[in-house]
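**Student:** As a plain string of letters, each chain reads:
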Amino acid sequence: MTRSLQIGVVGLGGMGRPMARNLVAAGHAVSGCDISAHAVAAAAEDGVESAQSPAALATRCELILAMVWDDRALRDVVFGEQGLLAHDGFAGGFVDLSTTSRAIAIDIGAALTARGAAFLDAAVIGGGVAAVKAARSPIVVSGDQAAWQRYRPVLEQLGSCDYVGAQGNAKAVKLINNFLVGAVTAANAEALSLATSMGIEMTEALAWLRHGAGGSRVLDSYYGALTEQGRYPEGLIGHRLMAKDLQLAAELAESVDCATTFPRFGQQMYLAFGRTLGPDSPFPTALDYFHRANPAASAASAAA
Amino acid sequence: MGLVGAGEPVDTLRHRFETAGLRVAMAGASDDKDASIVAMAVRCGGVVVTTFGTEAPLRAAFADRDAATARNDLVVLDVSPIAPATQRDLASSVRPSSVTLVGGRVLMRFRDGAPTPTLYIDDDATRVVPLRRVLASFGDDLVITGATGRAKALGLIDDLLAGVNAAVVNEAMALGRSAGLDAPTLVSLLQKGSGATSVMAHATVAPRDTAASSAALARVVSAAQQADHSVLFGSVAIGVLLRQSHLAVGLDAAPVNCDVRRDRQVAA
Chain A
9 MTRSLQIGVV GLGGMGRPMA RNLVAAGHAV SGCDISAHAV AAAAEDGVES
59 AQSPAALATR CELILAMVWD DRALRDVVFG EQGLLAHDGF AGGFVDLSTT
109 SRAIAIDIGA ALTARGAAFL DAAVIGGGVA AVKAARSPIV VSGDQAAWQR
159 YRPVLEQLGS CDYVGAQGNA KAVKLINNFL VGAVTAANAE ALSLATSMGI
209 EMTEALAWLR HGAGGSRVLD SYYGALTEQG RYPEGLIGHR LMAKDLQLAA
259 ELAESVDCAT TFPRFGQQMY LAFGRTLGPD SPFPTALDYF HRANPAASAA
309 SAAA
Chain B
65 MGLVGAGEPV DTLRHRFETA GLRVAMAGAS DDKDASIVAM AVRCGGVVVT
115 TFGTEAPLRA AFADRDAATA RNDLVVLDVS PIAPATQRDL ASSVRPSSVT
165 LVGGRVLMRF RDGAPTPTLY IDDDATRVVP LRRVLASFGD DLVITGATGR
215 AKALGLIDDL LAGVNAAVVN EAMALGRSAG LDAPTLVSLL QKGSGATSVM
265 AHATVAPRDT AASSAALARV VSAAQQADHS VLFGSVAIGV LLRQSHLAVG
315 LDAAPVNCDV RRDRQVAA
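Residue numbers (the numbering used here), protein chains in the order written: chain A, 9 to 312; chain B, 65 to 332.
In case anyone wonders, no lab produced these hints; they're calculated from the structure.
Take these hints with a grain of salt, some might be off.
Unchecked claim - Some chain A residues flagged as far from chain B (calculated, every beta-carbon gap over 12 Å):
no., residue
1, His-95
2, Arg-110
3, Gly-190
As the list claims (entries may be wrong) - Here are a few chain B residues that face chain A, going by a calculated C-beta distance under 7 Å:
no., residue
4, Phe-81
5, Leu-171
6, Met-172
7, Arg-173
8, Phe-174
9, Gly-177
10, Asp-222
11, Ala-226
12, Glu-235
13, Leu-254
14, Gly-259
15, Ala-260
16, Ser-262
17, Val-285
18, Ala-288
19, Val-304
Keep in mind the model is a prediction, meaning the values are calculated, not measured.
Glycine included, every Cβ here is placed at the ideal spot set by N, Cα and C.
Required output: the full structure, derived from the provided sequences and hints.
**Tutor:** Written as structure tokens, this is what we have:
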């Protein structure tokens, strides 16, 4: 049986809040903080005690999890005036589950280790908000192996975990996964728009092609949900965040001297989708962009 | 029945037809195809299945009216990856002669992980009596798509989906290797995630040669142009796949076999 811990959660948004709720349900004493007072108040309804800052969490928690927006936010969580390292005595474990760069994971790992704390970089690589709520997310974890062994029982209360080795590996897997998701989604959107132009409704195209050579989880999950339920799954990130993720993938490729085309191309396309459809519009709405850009698809879609 | 064409689709079709008890006469790519269609029809009771990489041989065959009408009950089921507009154009150009041209595509579907060649055809093919045994040979692996040209359109969409996915997966695997990740482990993890694709899952049983995928995408872009539709990701993927082909970093074996060291050596 997993022993109960004092656990802190930084970032109580779409992913962080259900994680905190699951930890409460598992019997842990959970505190949380967020830049949004509304998010903190909402999490309090789930039994999450509010804290003012990551530094405040560091004074009372053995394990702290983060699920924040980007590298800048994560840097602030660790190195900021009210960050973890502002509290001299923090010697517990810190697990970052955000979509952030491999470089910052390595930086934070070095800084925390030097202060006697432990750091694991981790990421949720599938299933979306629904899987997080059900504590069934596939999660990758890397870094300090002793810390992995120590905190594994807690992390496995959030989903199915795979340990992938050296610090930064989990972030690399996550960025490659999100690169695939972003590029395949946009390419699928383009293909479905072309099908519409050629007189094939999306429902038909999906029914006939989802089990073929061009099939993908994107096609099933996002566009399958759209055709079957009339809406995309809840909690999908917007074009702005997908552009950020693709930028991180491009930077990872550049950092390891790997020639790639689609991360940068995809990033530029998602910026364009965001300008046309709104930066926080769910990223599979790329379909609407391709419809708008192609009058035949637009007319056929409107008629349907 | 006759079977005219070359490459992997021919082998798949021949196997299907012969398994169903049909006698198949073949004409390969090196033959004079515009003569072969007619010769085949005469020899084989008037039913020929054709599969060409481009529309040119098909157009040539039907442009020769004398040859095409040498037998007045010729039925051609063409499963080449041509554009729907081209098929409609060809079908109308051979009428009002007694030659019947109907369209289809053979696409791969995965059933319980096993690749299953599936014949997609337009409605009008089902109304051609001499074709019934040919269609029946596909059993449950026959999909009737609707109006003329829809099977060709679906084939092109499948080519677009699979081609771009292959290009993206290749880049993802190359990136993973360069980042020091173990390729089989990465494949296993990615297949659990939101980025899972059929291309990655089935690459070892359904190899897609990068140069062939690039050529398929070029046909898609051309067909899209006929439909006044721009294809951005497909166009970019043509170049990416060609580069991967040149550097042998492609799916010709499997994405997990991408050889990034060679990529780097060539680049250097």
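**Student:** It remains to establish, for every hint, whether it holds in the given structure.
**Tutor:** Hints, one by one, checked against the model:
With a closest Cβ-Cβ approach of about 33 Å to chain B, His-95/A is found to remain outside the 12 Å limit, as its non-interface label requires. For Arg-110/A, the requirement that its beta carbon stay farther than 12 Å from each beta carbon of chain B is not met, with the minimum near 7 Å. Against chain B, the non-interface label of Gly-190/A is violated: not every CB pair exceeds 12 Å, the least being about 9 Å. For Phe-81/B, the shortest C-beta to C-beta distance to chain A is roughly 22 Å, which exceeds 7 Å, and the interface hint is violated.
The beta carbon of Leu-171/B is positioned within 7 Å of a beta carbon in chain A (closest approach about 6 Å), and the interface hint is therefore held. Proximity of Met-172/B to chain A holds as hinted, the smallest CB-CB distance being about 5 Å (cut-off 7 Å). At about 5 Å, the closest approach between the beta carbon of Arg-173/B and any beta carbon in chain A falls short of 7 Å, and the interface hint on this residue holds. Checking Phe-174/B against chain A: minimum C-beta separation of about 5 Å stays under 7 Å; hint holds.
Given the 7 Å rule on beta carbons, the hint for Gly-177/B is violated: about 10 Å separates it from the nearest Cβ of chain A. Using the Cβ-Cβ criterion of 7 Å, the hint placing Asp-222/B at the interface with chain A is satisfied: the shortest such distance is roughly 5 Å. Evaluation of the Ala-226/B hint against chain A yields a held restraint, the C-beta minimum of about 4 Å falling below 7 Å. For Glu-235/B, the interface hint holds, since its Cβ comes within 7 Å of a Cβ in chain A; the closest pair sits about 5 Å apart.
Interface hint status for Leu-254/B: upheld, as the beta-carbon distance to the closest one in chain A is roughly 6 Å, under 7 Å. Among the interface hints, the one on Gly-259/B holds; its C-beta lies about 3 Å from the nearest C-beta in chain A, closer than the 7 Å criterion. The interface hint given for Ala-260/B is met, as the beta carbon of that residue sits about 4 Å from the closest beta carbon of chain A, less than 7 Å. With a least beta-carbon distance of about 4 Å to chain A, the hint placing Ser-262/B at the interface is held under the 7 Å criterion.
The interface hint given for Val-285/B is violated, since its Cβ lies 10 Å from the closest Cβ of chain A, which is over the 7 Å cut-off. Residue-level restraint check for Ala-288/B holds (minimum Cβ-Cβ distance to chain A is 6 Å; threshold 7 Å). Restraint check, Val-304/B versus chain A: the minimum CB separation of about 5 Å is within 7 Å; hint holds.
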